[in-house]
Structures are given as C-alpha cells and as structure tokens.
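Student: Okay, here's what each chain looks like letter by letter:
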Amino acid sequence: MKQTLISEAMVLEEVKKAIAQTLKVDKDSIQAENSLMKDLGAESLDFLDINYRLEQAFGIKTARHFVLEHIEEMFGEGSAIDENSQLTGKAIALLKIRLGNDLPAELRPGMDMDEVPPLVTVEGMAKVVLDILDTLPEKCGACGGKAWKSENGLRIKCSSCGGEATFTDGDTLTKEWLTHVQEEKKIF
Amino acid sequence: MKSYAFEDKVALITGSSRGIGYAIAKKFGQSGADVVVNYRQAGGKSQAQGGGLCKEIEGMGRRALLIQADISLKQSVKQMFNEIKERCGRLDFLILNAARAPFKPLEQLFERELKQLVETNYIGNIFCIQEAVPLLEKNEGRVVFISSLGSRFYNPEYPLGSMKAAMESVVRDLSESLSGKKIRVNAVCGGFVKTDSFKVLRQYMEDLEQLPDQFFVEPEAIADVVLFLCDPASRGIQGQTLVVDQGLSNTLYRPRPKKKT
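Chain order of the listed sequences is A and B.
Residue numbering for the first sequence follows numbering that gives the first Met the number 0, starting at 0 and increasing by one per position.
Residue numbering for the second sequence follows numbering that gives the first Met the number 0, starting at 0 and increasing by one per position.
Please keep in mind that the hints were generated in silico from the structure rather than gathered at the bench.
Hints may contain errors.
Unchecked claim - In silico SDA-like pairs for lysine to any residue, Cα to Cα no more than 20 Å straight-line: (1) 126(A) <-> 180(A); (2) 23(A) <-> 114(B); (3) 193(B) <-> 74(A); (4) 60(A) <-> 231(B); (5) 103(B) <-> 74(A); (6) 181(B) <-> 250(B); (7) 138(A) <-> 22(A); (8) 23(A) <-> 84(B); (9) 114(B) <-> 76(A); (10) 103(B) <-> 134(A); (11) 23(A) <-> 51(B); (12) 148(A) <-> 129(A); (13) 60(A) <-> 113(A); (14) 95(A) <-> 0(A); (15) 193(B) <-> 165(B); (16) 185(A) <-> 43(A); (17) 193(B) <-> 51(A); (18) 37(A) <-> 114(B); (19) 145(A) <-> 123(A); (20) 126(A) <-> 186(A); (21) 60(A) <-> 54(B); (22) 54(B) <-> 103(B); (23) 60(A) <-> 140(A); (24) 16(A) <-> 99(B); (25) 114(B) <-> 40(A); (26) 198(B) <-> 40(A); (27) 16(A) <-> 0(A); (28) 103(B) <-> 63(A); (29) 193(B) <-> 181(B); (30) 174(A) <-> 193(B); (31) 103(B) <-> 116(A); (32) 84(B) <-> 129(B); (33) 148(A) <-> 3(A); (34) 126(A) <-> 115(A); (35) 198(B) <-> 0(A); (36) 37(A) <-> 140(A); (37) 193(B) <-> 96(A); (38) 37(A) <-> 41(B); (39) 198(B) <-> 47(A); (40) 184(A) <-> 165(A).
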C-alpha cells in the first residue's frame, strides 16, 4: 500500500547522503537531476554501495539487476539487448511505459547498453526507494497489527509490536511489474 | 616491515586505482620503483583516484604514469605497453590485478556476460603477459597474478572464481614456459579484503560483516607478499599461489567464540 510515513523529501535527502558517502563528494553539491555517472563520477561498483547504504537506512532490499536484465531473463536473451549490445525497439517501448514523462530523450532503439547506466539520476534512485516503500503491507507480519509508525522518518515499524516492516524486494517488484505489463500490452 | 630496494625498476599494476591494486602500487612506490597505474573507465572515480595515487607516488620521489586501458581489448593493451616502452623504457614487474565480473549464478549468465567474464579475467591477462614478455625478459622480470579464495571455494553468485582458478593454472603453465627467459611467475590468493569489491560481496553474502575482524585481510598484507614475490629473496618460489587470508581457509571447524560472562 502507498505509505505516507516517509516523505519524498526525506528519501531524496537520504539518497544524496548515500551518494555523498560513497563518492566522497559534498552532499549539498548534489542536485536531484544529476546523473550519478556523468555528473558525480560514479562507476558500476558504486551503484551497489549506494544501494547497500539505502538498504541499511530504510530496511529494504534494492534490485540487484537493472530492468533490462530482467526483461532478458523473462523473455529471453536478445529481447532487450541485441547481439551488438544495443537496445531493441521492444526494450525502449517498455522503458517508455516504465518511465513515462521521465523518459530521457537520449533513449532510443540502437542505443549502446553501456549508455543506459549514465542516465540514472539522483531523483531516479529516490523513486526506486519510494516504489519499494510503497509495498508496505496492510498488516504487520508478526502480530497482524494494522497501524504503522516511523520514529526517525526512515524505518517503518508496527505500532503494536514494534516489529520492522517488511517490503517486497526490488528484483521481485521489477518482475511483478514486467509480468503485469506483458499481460496487458503483449510487447514480447 | 621489510623494505625492498626496487630503485630504477618499473612496475605495472593493472586495475590499480582502487582496492588491492592501489595498495600494491603505493607499496612499490615506497620501495623505490617507478609505477604505472592502470584503470579502465575514463572520466570516473577511478581516473580521479588513479591521478591522486600518482601524485602521492611522485611525492615519494618516484615516477608515476597513469594509463587508461581496458585489458579485455587487445588494441588497448598494445597502446598501454607502447606508452610504457616510450615513457619508461623498461618493465620489471607485471602485477595482474584488474578484474571485472557480474554477480550472478553461472547458469544464469547471458552470453555477453560470459564473454566479458572470460575476455577481461582470462584473455585480458594473457594479452598483458604477451605484450610484457619482450620487456620482462630483458630484466629477469616477475609476473604476479592476484587471485582470490573464489578460485578454490564456493562463493554465492561469484562466477569470477572460475576465472581465478583458470589463472592459477596459467601461472603454473607460464612459470615453466617462461623460465627459459628467466621470468618468474607466481600468484597471491587473497582472502576477504575490505575494499570496494567487498561492498559488493556483502550484498550477496548476507552476514558477511558478522565475520570477525581477525579474518579480514588488509590490502597492504597482500601487497607485502606481492613485493616479496618480486624480490630475489623469493627466488625459490616458482609457479605457486600463496594464500594470504588470515588463516580463514585453514580450518573447517570454527566454533562460535564463547560470550564472556
């Protein structure tokens, strides 16, 4: 269910903090629209470290794999990335649905897959966290309580038993979304 | 700590802008060698850190050369060695440290991931050796490959382990085939090190951080053994892989320490 205990602003702040710690840059210099790779100098290993920090902060599990990898796992190798390591038209069609108005203008069929990670922005990472937080269950898994609270604006706990909320992990969330879109749009 | 006298020698450490490679490069500088620092990705953190490392080595009074090269590409390796020939005129130590791999079970790897795995972690190392041999044979050079415990033990979602195992085999092979050229080849197999790669590993090996600190190896401890393998003191060691893991792999039975009452 959509949660309201942790604000978008709080998530964005925490994402900036994680990036600042990993990349050893000044947090206040990080802008929401910055590309992690192009503007802030992040490399592939850094993404995992930033995710790890966010997981520790919010008690979530982020996706280990990009959506393009999930497409290929579900619909076969070559469905999202062709033999020349370029994005397929179907992959772009799917990303259009996923990103909506946030779709970067650079995304196009034939684009090299290595050009995709540089499109990840600070606010894009915050959205990923918010999507996971929005999988907050109706009831506490431990006691069945229906009321949630957050004392520090980062971790959600059960108001009755104090148990930590459990969320759907990022990879499962991506797969569920892909299954849903495929059933509806039959892209692959 | 033993200090080595590598004045007027040149060491190339692939993938040395961070982690274990960084520690090795720094230690070579401290031991008097001129150092070639290599990194793969231009414009990112590696380049900045590599530049910082070079300044530090130059501050020690040594020469330091920063070269961007993707070792999986033959042409890129050729260019790196051409630059070393032009700028340094020699090479004494080749330290094969660069690695790049996805974290996934082997059976789930896509064809391109499998190719990249082999191209960087096996073929790329061979490219480097092929280019280095004409330089190393002039100076009784040394090759040291950086392996990991993944070469002999299971780690979850760690296909790099099989490449490390392959390279340990290459080390045995080359030690014989290059012995006529007086080039010595060995490897160092490191345990868990708290470098950037560890930040990735801990996401796949839950509770890894619960491992007592005593079982984590300092990058400098690995670097010390690498330098030893480049020193005449280790002349009797050939084609071997020395394990540097704080004893982690030495025992199967490790009871949980008793809590103090």
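Student: Against each hint, give a clear statement of whether it holds in the structure.
Tutor: Against the structure, the hints come out as follows:
no., hint, result
1, 126(A) <-> 180(A), "19 Å, holds"
2, 23(A) <-> 114(B), "33 Å, violated"
3, 193(B) <-> 74(A), "37 Å, violated"
4, 60(A) <-> 231(B), "50 Å, violated"
5, 103(B) <-> 74(A), "18 Å, holds"
6, 181(B) <-> 250(B), "36 Å, violated"
7, 138(A) <-> 22(A), "38 Å, violated"
8, 23(A) <-> 84(B), "35 Å, violated"
9, 114(B) <-> 76(A), "14 Å, holds"
10, 103(B) <-> 134(A), "25 Å, violated"
11, 23(A) <-> 51(B), "14 Å, holds"
12, 148(A) <-> 129(A), "16 Å, holds"
13, 60(A) <-> 113(A), "24 Å, violated"
14, 95(A) <-> 0(A), "24 Å, violated"
15, 193(B) <-> 165(B), "24 Å, violated"
16, 185(A) <-> 43(A), "32 Å, violated"
17, 193(B) <-> 51(A), "15 Å, holds"
18, 37(A) <-> 114(B), "26 Å, violated"
19, 145(A) <-> 123(A), "30 Å, violated"
20, 126(A) <-> 186(A), "24 Å, violated"
21, 60(A) <-> 54(B), "39 Å, violated"
22, 54(B) <-> 103(B), "37 Å, violated"
23, 60(A) <-> 140(A), "17 Å, holds"
24, 16(A) <-> 99(B), "27 Å, violated"
25, 114(B) <-> 40(A), "26 Å, violated"
26, 198(B) <-> 40(A), "18 Å, holds"
27, 16(A) <-> 0(A), "26 Å, violated"
28, 103(B) <-> 63(A), "9 Å, holds"
29, 193(B) <-> 181(B), "35 Å, violated"
30, 174(A) <-> 193(B), "32 Å, violated"
31, 103(B) <-> 116(A), "18 Å, holds"
32, 84(B) <-> 129(B), "14 Å, holds"
33, 148(A) <-> 3(A), "10 Å, holds"
34, 126(A) <-> 115(A), "17 Å, holds"
35, 198(B) <-> 0(A), "31 Å, violated"
36, 37(A) <-> 140(A), "41 Å, violated"
37, 193(B) <-> 96(A), "40 Å, violated"
38, 37(A) <-> 41(B), "11 Å, holds"
39, 198(B) <-> 47(A), "7 Å, holds"
40, 184(A) <-> 165(A), "30 Å, violated"
The structure is inconsistent with the numbered hints 2, 3, 4, 6, 7, 8, 10, 13, 14, 15, 16, 18, 19, 20, 21, 22, 24, 25, 27, 29, 30, 35, 36, 37, 40, although it conforms to all the rest.
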